[in-house]
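Chemist: Sequence:
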Amino acid sequence: MTTATFEDLHDLMSTMAGDEKHREAATSTLDALWVLYDRVLRVTPEMAEDRDRFFLSKGHGPMAYYAVLAARGFIDPAELRRFGAFRSPLGMHPDRALVPGVEISSGSLGHGLPLAVGTALGLRARGIPSDVWVLIGDGELDEGSNHEAIAYAGRVGLERLHVIVVDNHSASHGWPGGMEKRFEVEGWSAVRANGRDHDELEAAFRAPHPGAPRLVVADTGVR
1 MTTATFEDLH DLMSTMAGDE KHREAATSTL DALWVLYDRV LRVTPEMAED
51 RDRFFLSKGH GPMAYYAVLA ARGFIDPAEL RRFGAFRSPL GMHPDRALVP
101 GVEISSGSLG HGLPLAVGTA LGLRARGIPS DVWVLIGDGE LDEGSNHEAI
151 AYAGRVGLER LHVIVVDNHS ASHGWPGGME KRFEVEGWSA VRANGRDHDE
201 LEAAFRAPHP GAPRLVVADT GVR
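Here the sequence shown stands for residues 1 to 223, where the numbers follow my numbering.
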C-alpha cells in the first residue's frame with residue numbers, strides 16, 4: 001500500500017479498536033508522522049544501515065504510527081484489524097522485536113530522546129550520513145532524562161538529530177515563554193509550526209540548521 005494517501009490513514013485507523021483512551025493522543029501525531037514518512041525520511045522496508053532512523057518516544061497510543069507504517073509498506077494493512085488482540089504483534093506500545101520498521105520499543109516516557117542522542121553520536125562516529133528523528137509529547141518533556149539529553153546534544157552539535165514535539169498543551173506546568181527557549185539556550189535551532197498544516201510542517205522539517213540539532217514544535221492546539 002505504498003501509494004496510500006493521507007486520507008487513507010483515517011480508514012486504516014478506523015480498523016483499529018481497543019485503545020480509546022489513547023486515541024486522541026494518537027491522532028495528535030498523525031499529521032507530523034505522515035509528512036515525515038511521506039516527504040522527508042529516507043527509509044523504506046528495503047533500506048539497511050544507511051537509512052534514516054525514526055524513534056516514536058510518545059509510544060502510548062501508537063495507532064497513527066501503525067497506520068503510517070502500513071501505508072508505507074512496512075506492515076500488512078490487514079494486520080491492523082488485530083491491533084491489541086492476543087498474540088498480535090501490534091501492541092498498545094510498539095515493540096521493535098515484533099513490528100517491522102519500529103526502531104525502539106517505547107511507551108515508558110522519557111527514553112526516546114536519550115536513545116536518539118546516542119544513536120546520532122554512534123552514526124557520526126562511524127561516518128554514516130543518516131538523520132535521526134524522534135517524536136515526543138509536550139508533557140513528556142517533564143521527564144528529567146530529556147533535559148540531560150537536550151543539554152548534551154546541543155553542546156556537541158548533533159546536526160543530524162531532529163526532535164519533533166507534538167504540543168497539544170498538556171504539559172502539567174506549561175512552558176512560560178515557549179518550550180523553544182529551553183532548547184535554544186542549549187544551542188539548538190528551534191521553530192514552531194502548525195501541527196495540522198502539512199506544507200508548514202515540511203518547511204520546518206527541512207529548514208537549515210547548520211552545526212546544531214533541530215527542534216520542531218508541531219502545535220496541534222489546545223487538547
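Hints should not be assumed to be uniformly reliable.
[As the list claims (entries may be wrong)] In silico lysine to any residue, SDA-like type, Cα no more than 20 Å apart, as pairs: (1) K181 with V191; (2) K181 with A212; (3) K181 with N194; (4) K181 with H198; (5) K181 with D199; (6) K181 with G211.
Simulated from the structure, these hints should not be mistaken for lab results.
Chemist: Please verify whether K181 and A212 have alpha carbons no more than 20 Å apart.
Modeler: holds, 14 Å
Chemist: Just to be careful, I want the Cα atoms of K181 and G211 compared with a cutoff of 20 Å; is the pair within it?
Modeler: Distance of about 18 Å is within 20 Å: holds.
Chemist: Under the criterion that the straight-line Cα-Cα distance not exceed 20 Å, is the pair K181, V191 satisfied?
Modeler: Between K181 and V191 the Cα gap is close to 10 Å, so the pair holds against 20 Å.
Chemist: Given the hint that K181 pairs with D199, test it: the Cα-Cα distance must not exceed 20 Å.
Modeler: violated, 24 Å
Chemist: Regarding the pair K181 and N194, is the alpha-carbon distance no greater than 20 Å?
Modeler: holds, 18 Å
Chemist: Between the alpha carbons of K181 and H198, is the straight-line distance 20 Å or under?
Modeler: Given pair K181, H198 is violated - Cα atoms ~24 Å apart, limit 20 Å.
Violated hints, listed in ascending order, are 4, 5; each of the other numbered hints is respected by the structure.
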